[in-house]
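In order, the protein sequence lines correspond to chains Z and G.
What the first sequence shows, in our numbering, is residues 137 to 240, in sequence order.
What the second sequence shows, in our numbering, is residues 2 to 558, in sequence order.
Simulated from the structure, these hints should not be mistaken for laboratory data.
Even for Gly, the Cβ is constructed at its ideal location relative to N, Cα and C.
Please note: incorrect hints may appear among the correct ones.
Simulated DEER-style distance windows between Cβ atoms [what the hints assert, rightly or not]:
id: 1; chain 1: G; residue 1: Asp11; chain 2: Z; residue 2: Asp155; range: 29 to 37 Å
id: 2; chain 1: Z; residue 1: Arg181; chain 2: G; residue 2: Glu116; range: 51 to 59 Å
id: 3; chain 1: G; residue 1: Leu319; chain 2: Z; residue 2: Arg238; range: 34 to 42 Å
id: 4; chain 1: Z; residue 1: Asp208; chain 2: G; residue 2: Glu116; range: 33 to 41 Å
id: 5; chain 1: Z; residue 1: Gly211; chain 2: G; residue 2: Glu519; range: 38 to 46 Å
id: 6; chain 1: G; residue 1: Pro301; chain 2: Z; residue 2: Thr168; range: 55 to 63 Å
id: 7; chain 1: Z; residue 1: Arg170; chain 2: G; residue 2: Arg501; range: 50 to 58 Å
id: 8; chain 1: G; residue 1: Gly283; chain 2: Z; residue 2: Ser225; range: 51 to 59 Å
id: 9; chain 1: Z; residue 1: Arg173; chain 2: G; residue 2: Arg249; range: 40 to 48 Å
id: 10; chain 1: Z; residue 1: Arg238; chain 2: G; residue 2: Pro334; range: 23 to 31 Å
id: 11; chain 1: G; residue 1: Thr38; chain 2: Z; residue 2: Arg181; range: 38 to 46 Å
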Amino acid sequence: MAKNLSGDLQVASANRLADGVVVWLDDAGEWTTRLERAAISRDRRSGEILLLRAQAEAFVVIDPFLVAVAEDDDGTIEPLSLRERIRASGLTFDAIAADAVRYA
Amino acid sequence: MPDTYFYRYDDYDRTLVGERVEQFRDQVRRRLAGELTEEQFKPLRLHNGLYLQLHAYMLRIAIPYGTLSSRQLRKLADISRKYDRGYGHFTTRQNLQLNWIRLEDAPDALAALAEVDMHALQTSGNCIRNVTADHFAGAAADEIEDPRIWAEIVRQWSTLHPEFTYLPRKFKIAITGSPNDRAAVRVHDIGLRLWRNDEGEVGFEVIVGGGLGRTPMIGKTLRAFLPRNELLAYLEATLRVYNRYGRRDNLYKARIKILVHEVGVERMRADVEAEYAETRDGLLGLSSETIEAIAQQFAPPDLPSRPTVVGAVEALKLEDRDFALWLKSNVAPHRAAGYAIVTASLKPAGAPPGDASAVQMEGVADIADTYSQSELRVSHEQNLTLPHVAIEDLPAVYAALGRLGFAEANVGKITDIIACPGLDYCALANARSIPVAQRLSSHFANLARQHDIGDLKIKISGCINACGHHHVGHIGILGVDKNGVELYQISLGGDVDFGRTALGTIIGPAVTADKVVEAVDAVVATYLDVRNDGERFVDTYRRIGAQPFKERLYETV
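Chain Z extracted, bound-state conformation (with noise of 0.2 Å):
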């Protein structure tokens, strides 16, 4: 399947104040915990005025920054970096339960 590569797409993110959650601002402007509802920023300019929107809401978020991601054609996003795709989607292994007495 064909990929937009080009990091030319961005998305906006942060940490929720609150909680610390790792979220991203939607079209409605309105922070969520869900990437694939992420507003795509598809050039400088619009990447530019993203940032801006997310950093009006400091006192919700902590310290927004623009993410690089690649599209499928189905509209499926995903960040470029190992990084973020880490803080999309979670720890790369499982972590112990809280009431396990063994790891598994």
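Model the placement of chain G on the given structure of chain Z, informed by the hints.
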């Protein structure tokens, strides 16, 4: 019987910690109400040990000199369950990190910690951090003096010390009271080694300017023998010289190791001694009464006489090969006849190193209550230690730890891996550490093979900050990011043993994540082929050099 054989908070300590919790509660309220910006709030939360990592806030809890009571460990389990995801990560600085704390809950978590005389102060920021010590302290057969007495004295002096709250950079002190250094004193900003001179007096060798990170250095001796009662005055003089001359213009050159390197240890010594001459007769001289009062808090527990040779232990050794291996690797000599020090391995095969669930923490606390005077230690190698176990109780302790998954007979072996949290958690990391450790741990899981390989320490860091101590691993692994791809540099020959402390040498080009196990396997196979009888990996490396390892490794990957 006191409920602990180590320092108990007095009213001053309790008031200080309690006031800080309420102060932070108000700071959090103001931040959430929009009265403080992140720029204003960030240093306040960091002063209370609250970091922001990739996925959430992380609370770094200080465990002073790695000593815990069972009651405190139970509380840590409770806090992890109530305010986090029910597990915690024991770190290379003997701290505990909770990785999923909500800012809203942080004041309550700190208040819960204060209930058991714990806090997260000075686990961040450019101050004197939590003082670390030998994890066998107060129990080791080779101990000259309990280093925790001195760690506690340093803790009291350094806590919220106004002159040293904004140093050029963070400052880490480690103390050992034994000739066999288990506290890595030569790779700390200041390392203190208690030793006995020819006159029979006990004092400190003061070592300065060691450290890992971006510019690893082995510490140099600043004072060969410092009388014990002069410790604080001499530390104050040293910190004062660092505070005055340490670089503040470049974050990467701000640690004391850079100052010592740039001016030379002779100049550093002269400056410290000059400062010391001015201040040595001041308030910081330690009276014998003060020392004795602290020492009393660490009075050894009353251990009734127990047999040194136990038929049931000997019989189980013959019946159960894994138990026999566990005795060899996880049980160390105690200074009291009939007792032993047991290390609970937090490195079961395939598990994230240093992680423990709430249930496991409670389980270890129960074992400590039943078999180890309710005492525990956290090691900088990310394991838990039961310091006072009767030899006749070893089979029961082995079985109980086994039920928790913590009886792996691998302490000091190839799967007793140190690993930082890496890119799975850490905002500074470039590459993952834990999954690499898990793959290595699974690959080398066979206990008989591990014991055949012998003492071999793998240490993994996910970035150049070296929280995983890769520079001093017999095999060190450093994750780097090259054009978006995780690569791992392999270094060989590092060591933290006293008198043999060495930094590892990078062996060649970095390998991809999927080749790390093969690379380590090639290094181990080379060692097994060429070692002499009884020769440890690192000694073989020193004897034959890097080339044979390098050739085999790059033929393989």
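How the hints compare with the structure:
no.: 1; hint: G:Asp11 - Z:Asp155: 29 to 37 Å; result: holds (36 Å)
no.: 2; hint: Z:Arg181 - G:Glu116: 51 to 59 Å; result: holds (54 Å)
no.: 3; hint: G:Leu319 - Z:Arg238: 34 to 42 Å; result: violated (27 Å)
no.: 4; hint: Z:Asp208 - G:Glu116: 33 to 41 Å; result: violated (52 Å)
no.: 5; hint: Z:Gly211 - G:Glu519: 38 to 46 Å; result: holds (39 Å)
no.: 6; hint: G:Pro301 - Z:Thr168: 55 to 63 Å; result: holds (58 Å)
no.: 7; hint: Z:Arg170 - G:Arg501: 50 to 58 Å; result: holds (53 Å)
no.: 8; hint: G:Gly283 - Z:Ser225: 51 to 59 Å; result: holds (57 Å)
no.: 9; hint: Z:Arg173 - G:Arg249: 40 to 48 Å; result: holds (44 Å)
no.: 10; hint: Z:Arg238 - G:Pro334: 23 to 31 Å; result: holds (29 Å)
no.: 11; hint: G:Thr38 - Z:Arg181: 38 to 46 Å; result: violated (27 Å)
Against the hints set out earlier in the document, violations occur for numbers 3, 4 and 11.
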